[in-house]
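The residues making up each chain are set out below.
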Amino acid sequence: MTPETIDQIFVLSKGWLLGYVLAALQPIGSAILSVVPVLVVFPLLFAITTVLERKGLGRIQNRYGPNRVGPYGIWQPIADGIKSLTKEDIVPRTADQVVHFLAPLLLVLAAFLAYAVLPIGKNMVITNLNAGLLFFFAVGSMVELAVFMAGWSSRSKYSLLGAMRAVAQMISYEVPLVLASIVVIMASGSLSTVDIVNMQATYTGIWPHWFLFTPWGFAGFILFMVAATAESNRAPFDLPEAESELVAGYHTEYSSMKFAMFYMAEYANMITVACVATLLFFGGASSPFGHLIPAFGGPIVQAILPVLWFVFKVFCFLFLYIWVRATLPRFRYDQLMGFGWKFLLPLAMLNIIATSLVLAFRG
Amino acid sequence: MLGVGILKGLAETARNFLGSYVSKDRLTTFQFPEERAPRIEASRNFPFLVYDGADWHEGMRCVSCLICEKECPPKCIFIEKSTDKKPDATGKPQFYPTTFSIDVSVCMSCQICVEVCPFNAIKMDVDFEQSTSDRFGDLLWNKERLAKSNEYYREIHPTEAAAVDAELAEARAKAAGAKAAAAPVKPVSGVAEEK
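Protein chains in written order, with the numbering used here: chain A, 58 to 420; chain B, 154 to 348.
Source of the hints: derived by calculation from the structure; they are not laboratory data.
Some hints here could point you the wrong way.
[As the list claims (entries may be wrong)] To give a feel for the contact side, a few chain B residues facing chain A, derived at Cβ under 10 Å:
{"hint": "1", "residue": "162"}
{"hint": "2", "residue": "163"}
{"hint": "3", "residue": "166"}
{"hint": "4", "residue": "170"}
{"hint": "5", "residue": "171"}
{"hint": "6", "residue": "172"}
{"hint": "7", "residue": "173"}
{"hint": "8", "residue": "174"}
{"hint": "9", "residue": "181"}
{"hint": "10", "residue": "182"}
{"hint": "11", "residue": "184"}
{"hint": "12", "residue": "286"}
{"hint": "13", "residue": "290"}
{"hint": "14", "residue": "291"}
{"hint": "15", "residue": "292"}
{"hint": "16", "residue": "301"}
Every value quoted in this text rests on a predicted model; they were computed, and no experiment measured them.
For glycine and all other residues, C-beta sits at the position ideal for the given N, C-alpha and C.
Next up, chain A with everything else stripped away, as it sits in the complex (with noise of 0.2 Å):
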């Protein structure tokens, strides 16, 4: 194996892994094998950003946070797991029995579906599709959906009240989300979020061609932090939940696992959005050294190295999710409303405009 093709370890097992599948029945092995593992690992890592949080959190208020589960409580996702599994599932009798059941599988649906366009590394992407970036934030808008189904169907009024805020405030932040991110849109000249991430993984000396390094592109990824965090629910955007007014927003009225399935897609959320940042503003699996620093470690080193710059980036963003919960306190819901109409989206516009002028006079 020559070092071009080591880091593609993955999709030439997966190839040969096809070899032993009839011909008719390739497709089919194939989307399983690239659905399969990204089921997997999406699902681990929900749970680790769990137990991370609630340390990360501890910390910062100067306590150990979850210890007692394992070493380092590092098994608290799999107590809480098997709580929520064996825990009565409770459905009020005035609700809306189908939609209340079906919100929670349409939300996770919803949240592991924009995972199909997100490279992970070189060739390692779902389907690469020519609209990427749009299919991601298509798939995004369900998100409002389910959350509503929930609220709707509950027959609460802290549901109703959760979901209607939740819809208002992720339509609100959709549109600075888009926008900020069309600046890359029109540096990169692609939807595609492979192509996005190739146009980043070259380098000047040392210095990666990431956008965030371009003015627009630093704006941009403000923008994006802030309204991607308002998108995902989280604090201090959290509103939809709030659990000091509301009990705890559209998903009150649900219980044992449909309440984890809610919580599931909400860190899903959050890895995504991360991801996204990732790819449109980091580079994606893309090295921050570039190729000046000789290739180091065993061939599988080598091999795993660009998922785990990925990796490493999605959970710096993380981090940040759960060190910006930590510090600030939640918005007032008119304050809400005026930050993303009155400050975030003339923002954006102006980015967009200023950008479209340095593209046009670079030529």
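Position chain B against the provided structure of chain A, taking the given hints into account.
Leaving out everything else, chain B in the frame of chain A:
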């Protein structure tokens, strides 16, 4: 400037985050079953019945006056008065409780029973680990379980116990004096009782 407050806040939380790994003093929580916070003397949780001497039944100070049962705000004390009498803490023949039970799950640790008790018979304990998996058998504590020695009381609340001991010693001395005085002349005892 816009966002400076956010950055300051982030710096503060980062300082806490990193500081908690550097200095143990920052971590204010106790890892409970292994380490415990030092108890403050006046802490209280659940009442117990004080007895003097070695035998809990003979030495029990309670005279079954039922004041605590009546005063208890959540009504968690259940007393049945005896028909015969036994000597109390000062040696006087008194009734005693045949049944004295307190419901752990109902008690709200208000200490009103202690405040109203004229005989220093009921005091507050500091043991807070009373959880049980048997909700029918193990939450209604009977007389035997509630009885704890005066030595134990001295151990958990030394200052309070010393005051109570002094008070009781005075009462006992007075009773002994009255008895000694009452033996020869009748009218003197009447004066002593008035005081």
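Here is what the structure says about each hint:
no. : hint : verdict
1   : 162  : 4 Å, holds
2   : 163  : 5 Å, holds
3   : 166  : 5 Å, holds
4   : 170  : 5 Å, holds
5   : 171  : 8 Å, holds
6   : 172  : 8 Å, holds
7   : 173  : 5 Å, holds
8   : 174  : 7 Å, holds
9   : 181  : 6 Å, holds
10  : 182  : 5 Å, holds
11  : 184  : 7 Å, holds
12  : 286  : 18 Å, violated
13  : 290  : 26 Å, violated
14  : 291  : 25 Å, violated
15  : 292  : 24 Å, violated
16  : 301  : 32 Å, violated
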